[in-house]
Structure formats: C-alpha cells, structure tokens
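2 protein chains.
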Amino acid sequence: MYIEQINGPEDVKKLNIEEMTAMAAEMRQALLVRASKHGGHFGPNFGMVEATIAMHYVFESPKDKIVYDVSHQSYPHKMLTGRKDAYLYEEHYDDVSGYTNPKESEHDFFEIGHTSTSVSLACGLAKARDLKKEDGNVIAVIGDGSLSGGEALEGLDYAAELGGNLIIVVNDNDMSIAENHGGLYQNLKLLRETNGQAECNLFRAMGLEYVYVDKGNDIAALIAAFESVKDSKKPVVVHIKTLKGKGYAPAEQNKEQWHWCMPFDLETGKSLMEFDGEDYSDVTRDYLLKKMKEDPSVVTITSATPTVMGFTEDKRKEAGSQFIDVGIAEETAVALASGIAANGGKPVYGVYSSFIQRTYDQLTQDLCINNNPATIVVFAGSVYGMSDVTHLGLQDIPMLTSIPGLVYLAPTTKEEYLAMLDWSVEQTEHPVAIKLPGAAMVSDGKAVTKDFSQLNKYEVIKKGSKIAVIGAGTFYQLGTDAAALIEEQTGVAPTIINPLYVSGVDEELLNGLKKDHDIVITLEDGYLEGGFGQRIAGFYGDSDMKVLNYGLKKFFYDRYDVNEVLKENHLTAEQIAEDVQRIEITMSYSMETVG
Amino acid sequence: MYIEQINGPEDVKKLNIEEMTAMAAEMRQALLVRASKHGGHFGPNFGMVEATIAMHYVFESPKDKIVYDVSHQSYPHKMLTGRKDAYLYEEHYDDVSGYTNPKESEHDFFEIGHTSTSVSLACGLAKARDLKKEDGNVIAVIGDGSLSGGEALEGLDYAAELGGNLIIVVNDNDMSIAENHGGLYQNLKLLRETNGQAECNLFRAMGLEYVYVDKGNDIAALIAAFESVKDSKKPVVVHIKTLKGKGYAPAEQNKEQWHWCMPFDLETGKSLMEFDGEDYSDVTRDYLLKKMKEDPSVVTITSATPTVMGFTEDKRKEAGSQFIDVGIAEETAVALASGIAANGGKPVYGVYSSFIQRTYDQLTQDLCINNNPATIVVFAGSVYGMSDVTHLGLQDIPMLTSIPGLVYLAPTTKEEYLAMLDWSVEQTEHPVAIKLPGAAMVSDGKAVTKDFSQLNKYEVIKKGSKIAVIGAGTFYQLGTDAAALIEEQTGVAPTIINPLYVSGVDEELLNGLKKDHDIVITLEDGYLEGGFGQRIAGFYGDSDMKVLNYGLKKFFYDRYDVNEVLKENHLTAEQIAEDVQRIEITMSYSMETVG
Numbered sequence: 041m042y043i044e045q046i047n048g049p050e051d052v053k054k055l056n057i058e059e060m061t062a063m064a065a066e067m068r069q070a071l072l073v074r075a076s077k078h079g080g081h082f083g084p085n086f087g088m089v090e091a092t093i094a095m096h097y098v099f100e101s102p103k104d105k106i107v108y109d110v111s112h113q114s115y116p117h118k119m120l121t122g123r124k125d126a127y128l129y130e131e132h133y134d135d136v137s138g139y140t141n142p143k144e145s146e147h148d149f150f151e152i153g154h155t156s157t158s159v160s161l162a163c164g165l166a167k168a169r170d171l172k173k174e175d176g177n178v179i180a181v182i183g184d185g186s187l188s189g190g191e192a193l194e195g196l197d198y199a200a201e202l203g204g205n206l207i208i209v210v211n212d213n214d215m216s217i218a219e220n221h222g223g224l225y226q227n228l229k230l231l232r233e234t235n236g237q238a239e240c241n242l243f244r245a246m247g248l249e250y251v252y253v254d255k256g257n258d259i260a261a262l263i264a265a266f267e268s269v270k271d272s273k274k275p276v277v278v279h280i281k282t283l284k285g286k287g288y289a290p291a292e293q294n295k296e297q298w299h300w301c302m303p304f305d306l307e308t309g310k311s312l313m314e315f316d317g318e319d320y321s322d323v324t325r326d327y328l329l330k331k332m333k334e335d336p337s338v339v340t341i342t343s344a345t346p347t348v349m350g351f352t353e354d355k356r357k358e359a360g361s362q363f364i365d366v367g368i369a370e371e372t373a374v375a376l377a378s379g380i381a382a383n384g385g386k387p388v389y390g391v392y393s394s395f396i397q398r399t400y401d402q403l404t405q406d407l408c409i410n411n412n413p414a415t416i417v418v419f420a421g422s423v424y425g426m427s428d429v430t431h432l433g434l435q436d437i438p439m440l441t442s443i444p445g446l447v448y449l450a451p452t453t454k455e456e457y458l459a460m461l462d463w464s465v466e467q468t469e470h471p472v473a474i475k476l477p478g479a480a481m482v483s484d485g486k487a488v489t490k491d492f493s494q495l496n497k498y499e500v501i502k503k504g505s506k507i508a509v510i511g512a513g514t515f516y517q518l519g520t521d522a523a524a525l526i527e528e529q530t531g532v533a534p535t536i537i538n539p540l541y542v543s544g545v546d547e548e549l550l551n552g553l554k555k556d557h558d559i560v561i562t563l564e565d566g567y568l569e570g571g572f573g574q575r576i577a578g579f580y581g582d583s584d585m586k587v588l589n590y591g592l593k594k595f596f597y598d599r600y601d602v603n604e605v606l607k608e609n610h611l612t613a614e615q616i617a618e619d620v621q622r623i624e625i626t627m628s629y630s631m632e633t634v635g
Numbered sequence: 041m042y043i044e045q046i047n048g049p050e051d052v053k054k055l056n057i058e059e060m061t062a063m064a065a066e067m068r069q070a071l072l073v074r075a076s077k078h079g080g081h082f083g084p085n086f087g088m089v090e091a092t093i094a095m096h097y098v099f100e101s102p103k104d105k106i107v108y109d110v111s112h113q114s115y116p117h118k119m120l121t122g123r124k125d126a127y128l129y130e131e132h133y134d135d136v137s138g139y140t141n142p143k144e145s146e147h148d149f150f151e152i153g154h155t156s157t158s159v160s161l162a163c164g165l166a167k168a169r170d171l172k173k174e175d176g177n178v179i180a181v182i183g184d185g186s187l188s189g190g191e192a193l194e195g196l197d198y199a200a201e202l203g204g205n206l207i208i209v210v211n212d213n214d215m216s217i218a219e220n221h222g223g224l225y226q227n228l229k230l231l232r233e234t235n236g237q238a239e240c241n242l243f244r245a246m247g248l249e250y251v252y253v254d255k256g257n258d259i260a261a262l263i264a265a266f267e268s269v270k271d272s273k274k275p276v277v278v279h280i281k282t283l284k285g286k287g288y289a290p291a292e293q294n295k296e297q298w299h300w301c302m303p304f305d306l307e308t309g310k311s312l313m314e315f316d317g318e319d320y321s322d323v324t325r326d327y328l329l330k331k332m333k334e335d336p337s338v339v340t341i342t343s344a345t346p347t348v349m350g351f352t353e354d355k356r357k358e359a360g361s362q363f364i365d366v367g368i369a370e371e372t373a374v375a376l377a378s379g380i381a382a383n384g385g386k387p388v389y390g391v392y393s394s395f396i397q398r399t400y401d402q403l404t405q406d407l408c409i410n411n412n413p414a415t416i417v418v419f420a421g422s423v424y425g426m427s428d429v430t431h432l433g434l435q436d437i438p439m440l441t442s443i444p445g446l447v448y449l450a451p452t453t454k455e456e457y458l459a460m461l462d463w464s465v466e467q468t469e470h471p472v473a474i475k476l477p478g479a480a481m482v483s484d485g486k487a488v489t490k491d492f493s494q495l496n497k498y499e500v501i502k503k504g505s506k507i508a509v510i511g512a513g514t515f516y517q518l519g520t521d522a523a524a525l526i527e528e529q530t531g532v533a534p535t536i537i538n539p540l541y542v543s544g545v546d547e548e549l550l551n552g553l554k555k556d557h558d559i560v561i562t563l564e565d566g567y568l569e570g571g572f573g574q575r576i577a578g579f580y581g582d583s584d585m586k587v588l589n590y591g592l593k594k595f596f597y598d599r600y601d602v603n604e605v606l607k608e609n610h611l612t613a614e615q616i617a618e619d620v621q622r623i624e625i626t627m628s629y630s631m632e633t634v635g
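Going down the list, the sequences are from chains V and W.
Here the first sequence is numbered in the working numbering, starting from 41 and rising by one per residue.
Here the second sequence is numbered in the working numbering, starting from 41 and rising by one per residue.
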C-alpha cells in the first residue's frame with residue numbers, strides 16, 4: 041500500500057498522479073473500516089481525500105499552513121502528516137482526536153471543533169507572517185455548510201482587507217450536516233452550474249479572487265488549481281465541487297445520516313449500536329409535533345442540528361413551515377426566536393450547550409433586554425455530554441445565568457421537563473432556557489402541577505434536618521444518593537431540595553433553613569465557578585450556615601472518562617458523605633473550643 | 041413648521057413632496073440644535089431624514105413594522121411617530137432614549153443598541169406574521185457599517201430562505217463609525233458607481249431581490265422605490281445612497297468625528313466639553329505606539345471603535361500595518377488575535393465591555409482552548425461606563441471568568457495597568473484580558489514590580505486584623521474608604537487586599553486569613569451573580585469566615601444615576617461600614633449564646 045509509506049507530506053510529493061489516485065482509494069478504505077469500528081465524522085472526510093493529497097503535493101506544510109474549519113475534513117490530512125497508523129491499525133485508533141490538534145503534529149495549528157472559524161484564524165496566521173516579513177502560504181479549508189456562520193462571513197469580508205497571501209479552499213459538497221439553508225447556497229449552485237463563470241459571485245462580491253474546480257475529486261485537476269494559486273499575493277478562493285461520502289454508497293445516498301456515524305456494519309451500513317429507549321430528543325420532538333398541530337403559532341428552530349430535537353427528515357416534513365432550520369447561524373436563530381416571540385409567535389430553539397455559547401450577545405441584547413418569551417432547550421449541557429474539549433457542555437450555567445432576565449430551568453425528570461416546556465411555550469412574561477439533564481432519562485410518572493411563573497421557588501422534596509441537599513438537574517439523583525448515605529452513616533435524614541431554577545436564589549426557603557440546618561450542600565452539572573452553588577454560598581456568606589458546593593472545576597477536560605472526572609471532582613455519594621462528616625467534626629470541635 | 045403638526049405617520053401622509061422636503065429641513069435643524077445641546081448619535085440620523093419620511097409616507101406603521109439596526113438612525117423615526125417634542129423642545133429632550141424602545145411607542149419593536157441585528161430580528165417578525173397568516177410589510181433598516189457583522193450577514197443569508205415579504209433598506213453612507221473595512225465595501229462601491237447595475241452583487245449572491253436608489257436623500261425618488269417594493273412577496277434589498285451628516289458642513293466633512301457627539305457650539309462645531317486630563321485611552325495608545333515601533337510583531341486590533349484606544353486617524357496612520365480595524369466584526373477580531381498569537385505575533389485587541397459579549401464562543405474556542413497569548417483590553421466594564429441598557433458594562437466578570445484558561449486582570453491604577461499590559465504582551469503562556477477601572481484614572485506613581493506570571497497571587501497592601509477588604513479594580517478605592525471608616529468607628533484596622541486577578545482565587549492567602557480574620561469583604565465593579573466575590577464565598581463555604589459580597593444586582597439598569605445605583609447596591613463606604621457593624625453584633629451575640 042502507498043499509504044503505509046507516507047510518514048509526512050514529503051512522501052506524498054514522491055508519488056505520481058496514478059499512485060496518488062491509488063492511495064486515495066486506500067485512504068478511503070481505511071477511513072471506512074475505521075469508521076465502521078470506531079465511529080466519527082464520515083461524509084466530510086470522504087469528500088476531501090483527493091483535495092488533501094493535492095494540497096500536500098503542492099504546498100510545503102508546515103511552512104505553508106493549512107487550517108481546517110471545524111476539523112470535520114481533517115482525517116485525510118492527519119493520515120498524510122505522520123498519523124497514518126491511527127487510521128490503519130485498530131490498536132492505534134485512539135492515538136488521535138477527531139479534531140486538528142497542535143499537540144499531535146506540527147502540521148496542525150489550532151484545536152478546532154466549532155464551525156466557521158477557519159478564515160478568521162487563517163487571517164491571523166497570515167497577518168503574523170506578514171508582520172514578521174516571512175513568506176509561505178496560508179490555506180483555510182472550509183466546507184460549504186460552515187459558510188453560513190457569522191464568523192465565516194465576517195472572515196471572508198475581512199480577508200480582502202487583509203491583503204497578501206491567503207488561499208481559501210471552499211469544499212462544496214452541497215450539504216451542511218443536514219441540507220444547506222440560506223440564500224448563499226443558490227449562488228454556490230449557480231457557480232457549480234456555470235463552471236464558476238457566473239458574474240454574480242458571492243466571493244468576488246466580498247472582494248476576493250476566485251478559481252473554480254469542477255472535478256473536486258480529481259487529483260490532477262486539484263493539483264493544477266492549487267499550483268495556479270500557490271504564492272498568490274492576494275486572498276483567493278478555490279471553490280471545489282466534491283461529493284460528500286464519496287466512495288461508500290450508503291453515505292453518498294444518505295448524506296445527512298452519514299455526516300457522522302457510530303460504529304456500523306460495513307456491508308449493510310446498519311449501526312451496531314441501537315438505542316431502543318426513549319430519550320430527551322424523542323420526548324422533545326413528540327411534544328413539539330403535537331403542540332405545533334394544535335397551535336399554528338408554535339415554531340421549532342434549529343441551527344443545522346435538527347436531529348438533536350429528534351427532527352429527522354420525515355419529521356421536518358411533517359412539521360412543514362413550523363420547522364425552521366437557519367443553517368449554521370446560531371446568532372440568527374436566537375434573534376429570529378426573539379422576533380417571532382415579539383410578534384406573538386411561540387418559538388422553541390433547540391441547541392447543544394456547546395453551541396449556545398455562540399449567541400451570548402444575542403441572548404443578552406436581542407432576546408433578554410427585550411424580554412421576549414422565547415424558549416431555548418439546551419441539550420448535552422452535562423459532564424455526561426460530549427467529552428471532546430471543543431464540545432464540552434459545562435459552561436452553560438455560568439454563562440446563561442449571568443444574563444439578566446433569562447429564566448434558566450433545570451428539570452430532573454421527563455415529567456418536569458415537559459411541564460416546564462409547556463409552561464414556557466404558553467407564557468408571555470420571560471425568555472426561558474431549559475437545561476436538559478445528562479445521563480439516562482429518568483421518568484417517574486409523577487404529575488407536575490407546579491406553577492413555574494412563581495420564579496425561583498425551589499421544591500422541598502423531603503423535609504429533614506441539619507443538612508440540606510440542593511441537587512440541580514442531572515445531579516439531583518446524586519444528591520439523593522448522598523443524602524441516603526449520610527442518613528445511613530449518621531442517622532440524620534437530610535432535607536432534599538430540587539431547585540428547578542438555576543438562575544436565581546429562593547431567599548425565603550434558604551432563610552428558613554437557617555433555623556434547623558447547619559450545612560447546605562449544592563450540586564450542579566457544570567463548572568462551579570460562577571455557577572449555581574456559589575450564589576447559594578454568597579447568600580449564606582454573612583450567616584453561620586456551612587455551604588459545600590459540588591460541581592466541576594473550571595478546566596478544559598478532553599476525551600475524558602466520565603467516572604474519573606466525577607471522582608476527581610468529589611462527585612460521588614461516598615465522597616460527599618465523607619466531606620460532610622469531616623465538616624461536622626470540625627464544627628463540633630470549634631463549638632467545644634468556643635464553649 | 042410642518043414638523044410641529046406631526047403626531048404620527050398619518051400626518052406625514054397628508055403632506056406633498058414639497059412640504060415633506062421643507063419638513064426634512066426643519067427636522068434636520070431640530071436634530072442639529074438638540075445635538076448641540078444634548079449630544080447623541082449625529083451623522084447616521086442626518087443621512088436618514090428623507091428616507092424616514094418616505095417610509096412613513098409609503099408604509100402603514102405600526103401594522104407595517106420597521107426595525108432599525110443599532111437605532112443610530114432612529115431619531116427621525118421617533119420625530120414622526122408621536123415623539124417630536126423630545127426633539128423640538130429642550131425641556132423634553134430626555135423624554136426619549138437614544139434607541140428604539142417598545143415602551144416608548146407602538147411604532148418601535150425592539151430595544152436595540154448593538155449593531156447587525158435588524159435583519160434577523162425582522163425575519164422573526166415576518167415569520168410570526170406568516171405563521172399567523174396575517175399580512176403587512178416588515179422592513180429592516182441597516183447601515184452599511186453594520187453589514188460586516190456576523191449576525192447581519194447570517195441574517196441576509198437566511199432572509200432568502202425565509203421567503204415572503206421582507207424589505208431590507210441598506211442605508212449606504214459609505215462609512216462605519218470610522219471608515220469601513222472589508223471586501224464587501226468594494227462591492228457596495230461598485231454598485232454605487234454603476235447605479236446598482238453591476239452583475240456582481242452581494243445581495244443577489246445572497247439570494248435576494250435588489251433595488252438601487254442613487255438619490256437617497258431625495259424624497260420623491262425614495263417614495264417611488266418604497267412603493268415599488270411595498271407588499272413584495274419576496275425578500276428584497278433597497279440599497280439607498282445617503283450622505284452621512286448631511287446638512288451640517290462640519291459633519292459632512294468629518295464623518296468619523298460626527299458619528300456621535302457631545303454638546304457643541306453650533307457655529308464652530310467645537311465641543312463644549314473638553315477633557316484635558318489623561319485617560320486610559322491615551323495611556324493605551326501611547327504605550328502601544330511606542331511598543332509597536334520597538335517591536336514589529338506587536339499589533340493593535342479594533343473592531344470599528346479605534347478611538348476607544350485613542351487611535352484617531354493620525355495615530356492609525358502612524359501605526360501603519362500594525363494597526364488593524366476589522367470593521368464591525370468582533371468575532372473575527374478575536375479569531376484574528378488568536379491566529380496572530382499562534383504564529384508568533386503579539387496582538388492587543390481593545391474593545392468595550394458591552395461588545396466583548398459578542399465573542400464568547402471565539403474567546404472560548406478560537407482563543408482559550410488553543411491557549412494563545414493574545415491580550416484583550418476591556419474598556420468601560422464599569423458602573424461608571426455607559427448607562428444605556430444596551431451598552432452596560434456589567435457582565436464581563438461573570439462572562440469572562442467562566443472561560444477556562446483566560447486570565448482576567450483588574451488593575452486599580454495607571455501604573456498597574458501598564459505593568460499588566462506589558463507583561464501580557466511579552467508573555468507566551470496565557471490568553472489575558474485586562475479590565476480597565478471605571479471613574480477617573482488613578483495614577484500613584486508607584487513602580488509595579490510584581491511578576492504576573494505567578495497567577496492568582498493577590499497583594500496585601502496593608503496588614504490589619506479581624507476584617508479583610510478585597511477590592512477589585514474600580515472598587516479598590518471604595519474598599520480602602522470603607523476600611524478607613526471601619527477603623528475610625530471601631531478602632532480595628534482592616535487588612536486591605538488588591539486581588540489583581542478576578543479569574544481565580546488565591547487559596548494560600550485566603551486560607552491564611554482564617555487565622556486572624558472573621559470577616560472578608562469583597563467588592564467588584566459588575567454583577568455579583570457568578571462574579572468574583574461569590575468565588576470567595578464559595579471558597580470559605582465550609583469555614584467560619586463571614587463573607588460579604590459587594591457588587592451590582594443582576595438587572596438591566598437603564599439611563600441611571602450612578603450614585604443612586606451605587607447606593608441601591610450598598611456600594612458606599614458608609615453602608616459597608618454599617619453592614620460590618622451589624623454582622624459583628626450578630627457574631628458576638630451568637631458567641632454569647634454558644635458560650
């Protein structure tokens with residue numbers, strides 16, 4: 041195999057077109073086998089095999105610097121830059137992350153997992169090169185789906201202003217994660233249909249030079265195009281037409297499903313890991329589909345990740361114009377929701393915790409200053425969510441609760457979630473976000489009758505004494521486990537509280553606890569710093585109440601073992617019970633000293 | 041005067057072209073007189089007088105809904121929608137805010153002060169209209185300067201997808217706050233020069249219909265254009281060429297200086313409020329200009345607000361290619377800084393607290409995960425900063441300190457700031473942000489020798505006992521005032537601590553205080569919730585230390601009196617001293633009870 045001989049880009053340059061073409065087939069086969077066993081981003085990488093070979097043939101990495109947007113197309117690049125073993129041999133599959141990573145290789149410049157960043161980051165590399173009066177090419181590789189993101193469009197606009205060498209490779213497979221949404225895709229289509237000759241050209245309108253490559257999976261054509269722009273003195277776009285999932289029939293035919301995959305059977309394409317239980321995606325979709333049928337003013341919004349809310353293609357069709365995919369454009373998703381709510385509609389925007397970060401200003405300005413009653417459902421905001429450093433869901437509590445006016449709810453069960461969701465959709469007083477629990481969905485069948493419009497009223501689930509456990513969202517269960525253990529060990533039954541709201545403090549309830557409680561324990565699924573528990577600690581600052589905050593240390597965890605991280609952060613019932621015992625001993629000691 | 045007869049859009053419709061033209065002159069005169077006495081956004085409003093009259097002549101507001109981007113061009117709209125008195129009569133000048141505001145009028149739909157939001161918000165209004173099967177026009181009015189912002193470009197892209205009626209009026213005065221930056225402005229220029237006929241057209245490339253109005257200050261031409269698109273069934277852009285500052289010679293000639301103004305002398309145009317003292321803008325500019333001359337890898341970045349760092353046009357020229365204005369594109373500014381730092385440059389990005397909010401994800405993903413040594417200087421992050429609800433600078437501590445890896449420093453004096461800035465520029469270990477103090481700049485002449493690379497090491501300024509006062513940034517001075525008062529009232533001299541870092545806790549120092557201190561007071565210039573002080577409260581949660589957190593309640597303050605807000609939040613030395621005495625009484629009482 042040719043690929044086995046590739047230890048770096050210098051080995052790619054030794055091959056001729058025929059050999060490179062043969063190597064492309066080998067790489068695709070290796071990607072296929074690895075994906076079937078290991079899962080990962082699939083379609084985007086399959087389309088970029090030839091372009092990656094051609095780039096490494098033409099350019100001189102790492103002197104010439106390639107920046108991959110969102111890294112979804114970086115696997116072929118990793119294979120050609122000293123990391124082939126991680127794709128060829130099962131025992132090495134975990135040697136690499138799913139994203140570019142400077143710690144892995146001098147051929148990677150950023151750790152990237154969010155979309156639409158490559159052009160602006162590449163502008164930075166190019167600017168530093170120019171300041172230092174060095175030379176070399178800087179290349180941003182961006183998929184068509186990522187182009188709709190605000191940062192990408194800002195970057196394209198700024199690139200012309202930057203001047204100097206910058207090559208922007210637009211990998212156009214005519215797909216985002218799902219189908220593309222947005223007017224610019226009409227222009228990409230026009231450009232594809234006119235072999236890049238149409239006068240009306242988004243990239244030229246942004247002030248950029250432009251080259252079109254119709255055969256974006258043909259190595260010779262790609263090499264010719266890259267050679268024509270190498271050492272360009274101006275920013276130039278190389279628009280290449282590729283086929284997402286190329287080389288694997290199921291993926292070519294169902295591009296959305298094969299954007300990313302779990303391990304699967306190579307012959308049938310069927311996933312090896314079937315979940316048959318109901319999850320929060322199903323529950324959300326079922327609720328919304330029903331609600332939308334009953335009420336034409338209810339509308340579901342996604343920013344290019346419709347399946348997080350369970351809206352597969354058939355369900356999107358069923359929802360019709362009441363389902364909106366804005367494409368990768370989270371800022372617009374929030375503004376749109378605010379506008380819909382301002383005009384009497386009932387919008388529900390479902391989004392991953394990791395991506396709600398992209399809308400901090402829109403949440404503050406467009407939504408909360410205007411106090412419009414939009415609903416945001418935050419998925420995977422949990423230590424049990426995605427574990428890649430680029431996709432952590434641990435910042436949403438500090439982030440969202442720093443915004444005035446935003447009600448942030450943390451249900452602990454399916455029933456609470458549905459009650460909160462329905463309340464939020466129907467009320468007209470507040471912008472509301474709901475943090476879904478991580479780990480497996482808990483359903484206890486209990487009817488929820490609470491009036492959520494009485495903000496920040498926590499619920500006492502079990503009245504005890506001395507110790508109160510306030511467990512938010514995911515960690516409510518951990519709180520009850522710890523309470524049970526404390527009772528077992530000390531005979532004292534703690535009070536158990538479900539706060540329901542993480543954006544505010546129930547002053548009345550907390551004041552009441554001062555009478556017959558000495559210790560309050562808080563638990564939250566996210567970073568402790570700036571989070572829920574520290575608000576409780578601040579509230580009790582001038583009192584004798586001891587407060588123990590449990591949550592995660594502020595840190596960029598990466599591809600972690602969830603149980604290890606929980607243990608490191610004292611997030612087991614045993615550790616919490618031990619901490620409480622230690623405090624009680626200290627307290628009784630200091631009482632004696634005083635006495 | 042015609043304008044005196046206008047109580048709503050229905051009165052505009054009674055006028056003929058000649059009368060409307062006369063009214064435009066009256067409105068401009070009123071705007072000029074008001075601005076000379078009151079200050080406010082100037083240039084953008086002057087250019088939009090005729091277009092606003094024409095819109096209210098053609099459309100049926102409020103059934104037809106007009107959304108003004110960033111509100112900088114909304115004063116003529118306010119004059120025509122029942123709020124003329126606030127522009128005609130000095131005693132009513134303060135009846136209106138500088139921004140659109142639904143609380144003021146049914147003709148306003150959002151409270152908006154940040155740029156680039158109008159198209160996405162208008163899409164929301166339009167979508168709700170369509171869901172409810174209503175009719176009516178939705179009109180977004182956006183200046184050319186705002187177009188470079190990510191949310192605006194996302195919105196343009198999504199608008200075509202939305203379908204249905206949406207009219208986007210692009211007010212093209214060929215200026216942002218300063219000159220425009222970005223490749224798309226070449227296209228606007230081409231369109232202006234070809235009377236809108238050029239085939240390459242950014243708006244058409246985004247999938248939108250397009251109409252050009254060369255005479256954007258001619259009421260008849262504008263009426264014709266708006267009538268041609270009224271009730272359009274598709275999203276359409278009306279690109280109008282206007283003159284920023286039209287009708288006031290000094291403003292036409294110096295558009296940047298007259299974007300916004302303080303009260304000024306009508307004849308000379310000279311500001312009536314001259315500040316002669318040095319401020320943090322001057323200090324920043326002087327440092328950076330010197331540093332950039334010494335080191336060609338240092339580069340200063342702004343996102344369309346160069347003067348916040350003191351970089352007026354002449355100073356920008358002096359800095360040459362080491363000064364970058366990315367235009368209104370904060371996301372790209374942060375990504376660019378990260379890229380420059382990744383490639384060995386030394387970037388400093390200066391930005392208002394209110395606008396750093398627009399980059400939460402870029403700070404997290406593009407910058408901090410990659411741990412690149414960029415420097416961000418945060419201006420006006422203070423209760424003493426801008427007091428409009430849309431421009432508050434109170435969220436930066438909770439927001440920035442929720443991001444792992446970001447070092448957030450809070451200097452208290454000019455000398456500390458310069459030492460921090462120079463350390464940050466030269467170090468290569470961390471992304472660093474520096475929160476400038478509000479109120480007047482304090483300069484004590486003291487040399488700062490601290491090694492800032494030892495993170496989270498607070499400084500004990502004065503060793504006392506029993507009570508420790510930790511005053512961050514702006515409020516360090518308030519802390520020392522309170523300490524002096526406490527000493528005066530009780531004879532106990534508190535320990536005074538300057539934390540310097542607001543993104544971390546000095547555990548060693550805080551543990552040490554347990555020995556001989558009972559009370560720790562924290563002060564911070566921003567929202568308490570999720571901020572600095574609550575981290576200290578959380579740290580001491582399991583100990584006997586009493587912690588009093590001072591800062592601002594999480595709330596959307598608007599056009600406030602700073603002293604009133606400080607008082608409401610117990611942020612005076614007297615109130616703090618009182619709180620401490622109350623605590624001490626409670627503590628001694630409980631000691632007696634225990635005893």
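It should be emphasised that the hints constitute simulated quantities derived from the structure, not laboratory data.
Be careful, since some hints might not be right.
Calculated from the model, a selection of chain W residues having no Cβ within reach of chain V, i.e. all distances over 10 Å [what the hints assert, rightly or not]:
| hint | residue |
| --- | --- |
| 1 | Ala166 |
| 2 | Phe395 |
| 3 | Ser442 |
Mimicking EDC-like on lysine to aspartate or glutamate, the simulated pairs with C-alpha atoms at most 16 Å apart in a straight line are [as the list claims (entries may be wrong)]:
| hint | chain 1 | residue 1 | chain 2 | residue 2 |
| --- | --- | --- | --- | --- |
| 4 | V | Lys274 | V | Asp170 |
| 5 | V | Lys286 | V | Asp258 |
| 6 | V | Lys143 | W | Asp584 |
| 7 | V | Lys506 | W | Asp582 |
| 8 | W | Lys143 | V | Glu469 |
| 9 | W | Lys172 | V | Asp335 |
| 10 | W | Lys173 | V | Asp335 |
| 11 | V | Lys554 | V | Asp582 |
| 12 | V | Lys554 | W | Asp428 |
| 13 | V | Lys357 | V | Asp258 |
| 14 | V | Lys506 | V | Asp619 |
| 15 | V | Lys593 | W | Glu547 |
| 16 | W | Lys330 | W | Glu307 |
| 17 | V | Lys286 | V | Asp271 |
| 18 | V | Lys355 | V | Glu307 |
| 19 | W | Lys506 | V | Asp582 |
| 20 | W | Lys330 | W | Asp521 |
Computed from a predicted structure; not experimentally measured.
Backbone N, C-alpha and C define an ideal beta-carbon position, used for all residues, glycine too.
Against the structure, the hints come out as follows:
no.	hint	verdict
1	Ala166	violated (8 Å)
2	Phe395	violated (8 Å)
3	Ser442	violated (4 Å)
4	V:Lys274 with V:Asp170	holds (12 Å)
5	V:Lys286 with V:Asp258	holds (12 Å)
6	V:Lys143 with W:Asp584	violated (44 Å)
7	V:Lys506 with W:Asp582	holds (14 Å)
8	W:Lys143 with V:Glu469	holds (15 Å)
9	W:Lys172 with V:Asp335	holds (10 Å)
10	W:Lys173 with V:Asp335	holds (13 Å)
11	V:Lys554 with V:Asp582	holds (12 Å)
12	V:Lys554 with W:Asp428	violated (39 Å)
13	V:Lys357 with V:Asp258	violated (36 Å)
14	V:Lys506 with V:Asp619	holds (15 Å)
15	V:Lys593 with W:Glu547	holds (14 Å)
16	W:Lys330 with W:Glu307	violated (37 Å)
17	V:Lys286 with V:Asp271	violated (30 Å)
18	V:Lys355 with V:Glu307	violated (27 Å)
19	W:Lys506 with V:Asp582	holds (14 Å)
20	W:Lys330 with W:Asp521	violated (36 Å)
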